[in-house]
Amino acid sequence: MHRKAHRGLAIASTIALLVTAAGCSGDDGPGSGGAAVPGVTDTEIVVGTHMPLTGPASAGYSKIAPATKAYFDYVNANGGVHGRKITYKIMDDGYNPANTQQVVRQLVLQDKVFAVLNGLGTPTHTGVLDFLKSNRVPDLFVASGSRSWDQPDKYPGTFGFNPDYTVEGKILANYAKANLAGQKVCFLGQDDDFGRDSLAGVEIVLGPGAVAVKQTYVTSNTNVAPQIGAFKAAGCKVVVLATVPGFTALSIGTAARLGFKAQWLVSNVGADHPTLAKQLGAAAPILEGMVGTNYLPMQNDTANPWIQLFTRINKEHNGDAPFDGNTVYGMSVGYLFVQTLLAAGKDLTREKVLQAVQKGGFQGPGLVPLRFSATDHSGYGGQRLSRVSGGVQSYFGPAYETDEADGPVKEYTAAPAAPPANGVPTVS
1 MHRKAHRGLA IASTIALLVT AAGCSGDDGP GSGGAAVPGV TDTEIVVGTH
51 MPLTGPASAG YSKIAPATKA YFDYVNANGG VHGRKITYKI MDDGYNPANT
101 QQVVRQLVLQ DKVFAVLNGL GTPTHTGVLD FLKSNRVPDL FVASGSRSWD
151 QPDKYPGTFG FNPDYTVEGK ILANYAKANL AGQKVCFLGQ DDDFGRDSLA
201 GVEIVLGPGA VAVKQTYVTS NTNVAPQIGA FKAAGCKVVV LATVPGFTAL
251 SIGTAARLGF KAQWLVSNVG ADHPTLAKQL GAAAPILEGM VGTNYLPMQN
301 DTANPWIQLF TRINKEHNGD APFDGNTVYG MSVGYLFVQT LLAAGKDLTR
351 EKVLQAVQKG GFQGPGLVPL RFSATDHSGY GGQRLSRVSG GVQSYFGPAY
401 ETDEADGPVK EYTAAPAAPP ANGVPTVS
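Under this note's numbering, the first residue of the sequence shown carries the number 1, and numbering increases by one thereafter.
Where hints are given, some of them may not hold.
[Claimed, not checked] Below, a list of computed lysine-lysine pairs in the BS3-like style, where the Cα atoms sit at most 30 angstroms apart:
1) 112 - 359
2) 315 - 85
3) 112 - 89
No lab work stands behind these hints: they were computed from the structure.
Please put together the full structure from these sequences, using the hints given.
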């Protein structure tokens, strides 16, 4: 049985338990006569995150939280949310799970944050799921596509943001099947749920025996020559990469050094061209032809109204930092969180925020729909393919959506929503 088929009753009872526990803990709204909600006053909402500002995943990713904060600063300058300003506490965990546990404990126990927002990383965030659950802290829009975030029966307070990696693996494999048939396909993935879930998606579409060589890496070892050498020896023609940006650059750079040429199909996690080009420097032209995925407006699409909005906010509130896909991602997260706060209402509680996300219906910069519901806590439900041509990363073809099981990869044709005139969402 598909794992979502039996969720309804279990989820309802788990949410009820969570809500009851939250009520017993004094999680009452401002003005309700009970104890104050952690992180919430009449004038402020304090939320926190853990991010790799340093360490092996900092390339590109260190720009996400500052971009989210910039969007919050923009909203604050326009009156905040129901009169409250958002304070965003950004903690560096260096992409080290032990550090993640330490900084998240500080956010919850010392800083008393209302919620943890967009904590980044599969290996890092997995280690704090139970802690956040036991402390009844909303765990919103995790910056990872692991299917671990989509367990509403086990973790009713956790919601994803990224398309899950199995969905992404299916979309990349669907491209390979349609356009690169008969070519030997190989795979390199991070040695955790990121890599495993991505490979699962690839094999759903291509078949369990279709991936000729499967390799993994760990972020503590930057030598990927053995893995790339194995691909070269096997005569791989297509390589799917489930890699963070630094390891995308290492993999493609190592391949060039070893004289190995392949068609690279890269997870959205590690496919942002400006980030990779910065890593590779003068060798950036080796990215030519790379196929990636994304589900948000392309950072160089200056005609897109979301890019126009985010570029303006980046200049006004983010020191005009170099603008790339990580900037777009961070501001998109901020926009969704503000939508969620508005939907939760002025009498803000943790319970109401969870109910607002679960109710769903949010529209924003995404090219595909968000899947939030009582039985689905994953984020975006599809992606669009991109290609680097002439040193420029651009979309091609339609957007696609699919599930994490054996459902088809289908075109998604609905037009994206336009941003509100002043760039701040309103209560729908």
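Structure-based check of each hint:
no.: 1; hint: 112 - 359; result: holds (26 angstroms)
no.: 2; hint: 315 - 85; result: holds (20 angstroms)
no.: 3; hint: 112 - 89; result: holds (11 angstroms)
Against the hints set out earlier in the document, no violation occurs for any number.
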